[in-house]
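**Student:** Okay, here's what each chain looks like letter by letter:
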Amino acid sequence: MTPDQIIFLISAVLILVSALMVVITHNLVHAALWLVAALFGVAVLFAILNASFLAVVQVVVYIGAIAVLFVFAVMLTRKELRDRGTQTRANWWIPALLGVLILAGLAYLILGQPDVSRTAPAIPAGVDTLRALGTALVSPDGYALPFEAASVLLLAALVGAVYVAVGRRS
Amino acid sequence: MNFWNDPINFIADWLRGLLTSRGMTTGLSTVILFFIGIVVLIIFAMMLDIFLVWVERKVVARFQDRLGPNRIGPFGLIQPFADIIKLVIKEDITPAGADKLVYNMAPVLAMASVILLWAILPLASKIYGVDLNVAVLYLVAAGALGTLSIIMAGWSSNNKYALLGAFRMVANMISYEVPMVVTLLIPTILANTMSVKGITDAQHSVWFVILSPLGMMIFLISAIAELGRAPFDLNEAESEIVAGFHIEYTGMKFGLFYAGELLHAFTFGGFVAMLYFGGYGVFGLEKFLPFLQAPLVSALIFLAKAMVGYWVIMWVKYSMPRIRIDHLLAFNWKFLTPLSLVVLCVTAIASKLLSGSPTWLVAMVMFLANVVIAWLTIEILRGVGRRQRKVEEHLTSPSSPLVRHGSE
Amino acid sequence: MQNDWLYIGLFLVIGIIVPIVPLVFSALVAPHKPNPIKQSTYECGIETVGESWIQFKSQYYVFALVFLVFDVETVFLFPWALSINQLPIFAVLEGILFISILVAGLVYTWRKGLLEWI
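Chains as they are written, first to last, in our numbering: chain A, -15 to 154; chain B, 10 to 417; chain C, 1006 to 1123.
Everything labelled a hint here was simulated from the structure, so no lab data went into it. Honestly, I wouldn't trust all of these hints.
Negatives, chain C to chain A, calculated, CB over 12 Å [to be verified]: (1) S1031; (2) A1032; (3) K1038; (4) V1067; (5) P1084.
Quick list of simulated restraints, FRET-style, between CB atoms [stated by the list, open to error]: (6) D74/B / A3/A: 55 to 65 Å; (7) P105/A / I389/B: 44 to 54 Å; (8) P105/A / G26/B: 48 to 58 Å; (9) H213/B / L(-7)/A: 38 to 48 Å.
All residues carry an ideal CB built from backbone N, CA and C; glycine is no exception.
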């Protein structure tokens, strides 16, 4: 078991346990903090796969902006921050069994592919992934149109936020 | 490679040879070497932090025309150690109803988010933690962890003033992150790399502060706001909400918040020095005076520049009154963000158009471009001020219907 | 995984342990005598009235939303900044178009009065 695989297993367990705790815990702010732990685990996964830029972007955008937004939303709207009652259904074992079966099926299908590797793909020496990403994003025969479309999408998000907030105020 | 040229690698190779000769694999010996290096770097940062407590108190005293601590030890140098002993032996009072786990984790996370920044800070061209190729965004990511720790501290204290202080502080920090990240893009464009060491090395001919003085000033202002220091210190508005999000913290936990804030200020002074003032270089003088290339001398140069940056941050803190929350947010969203985006666009265009020219031409053109932007901004602000004054004059003139006459 | 991120992972672990050391030391050395008066919520010496939850301004949420949009925008600008030296001037103009669309959004938000702290 190489160190990469050990770290992958630890972060995978962290992500799964945190995601489970998000749903199970009674306290809403605790749920938001467990979500932060799960997102941090995903950032660790990106780092293992040599995607440094995506790892930092995950922390900056997801943990720095979206988790903060979640915490604000929870604290600004709920008077009582604890959920009452049980957080699980009585027959939770049926969906759990279904989930395990689907996982087994997916694993069988994916591992049957010829070019699946168990380690992170090695980046050929001399390739600067960050610059390649930048060039691909902006060059006309790359992803220039999705790049500009992303800005229009962000504009739409901003206009939507304005609409929701102004509507709430009046 | 001898000790003076390359101390870290020299010691590392010697230790690695020592470990592998005892039969250890290179992987494990690398991990152990990392461990030793990290512990040394963190201990250096904490020692510096203790020294900064003394510096802060002496400097604030001098700004306020008094002496500061001078009883304990020569010039009061033992004062921080006395402070640490006092904080350690104070009783740790957890308020009733506080969320114990989150309450205890918040100061640790706040300190950890500052210590994490030292992993990428290059003290010299051969002394640094790691040369990460996305170091500039890593800076922002460590700040995001700090933001999270403030929310955790404010919420878990079960105190409405702590929560209010935490909300204000987080609104402050996230708002000023936008101009900070935009002005971080400016050295990235000028140096064509996101690695902090690469940006420092690219300033060997001309410092980026000459190429973009507006960028440096906006970065400094945003950094001071990110730190939560005056004039943006709404979280510890002592006359308003006592101590903001760390009201309910006693003893060493408060000590961690306080020391973390000072170390954060020094680290940001170091970042300003590195991104805009050439870091450990002395504008190309190394070619003439080779001893300036020695790592230990470069580290001293860098620490001196960081101390100057920290002194400027302290100067701003002890000279300016606190800014109100609505002025603070308006200043950011209506002035700093558009201004920083304009400076970014102009820098990008200028850098692309002048990409092959000699250095002095590039420096002159970009400096002039910054001066033009600053002049235009001042003209626009004067126009806005003039219009506002005219509106106010109209509202308060004797013939205005809004002014009451006599006893009507 | 490259050695860079292994270093930073170790740094994070040790950076979390190092502040815990003085806390543990303080827990061993400091007195521990809790009583209800000491543990009551601090409110400048007055007794707390009501629970410690009040309706906070929804304006905080609006600022967080606007920040989110601009954060994602600046993250997109980082790969652009690294590539403008390799590509012709067209790339710079594309980035400026990106920025100006979002500045238009900021001006719209401003005119709608959402950046006021009422």
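**Student:** Decide, hint by hint, whether the structure agrees.
**Tutor:** Evaluation of the provided hints:
With a minimum CB-CB distance of about 24 Å to chain A, S1031/C clears the 12 Å threshold, and the non-interface call stands. A cut-off of 12 Å between C-beta atoms confirms that A1032/C is not in contact with chain A; the least separation is 23 Å. No Cβ of chain A approaches the Cβ of K1038/C within 12 Å, the least distance being about 29 Å, so the stated non-interface status holds. For V1067/C, the condition that its CB be more than 12 Å from all CB atoms of chain A is violated, with the nearest at approximately 5 Å.
Distance check for P1084/C against chain A: the nearest CB is about 3 Å away, which does not clear 12 Å, and the non-interface claim fails. Separated by about 58 Å at the C-beta atoms, D74/B and A3/A satisfy the suggested range of 55 to 65 Å. Our hint of 44 to 54 Å for P105/A and I389/B holds, since their Cβ atoms are close to 52 Å apart. Remark: the range hint 48 to 58 Å for P105/A to G26/B is contradicted by a beta-carbon distance near 33 Å.
Between H213/B and L(-7)/A the CB atoms are about 45 Å apart, so this pair conforms to the stated range of 38 to 48 Å.
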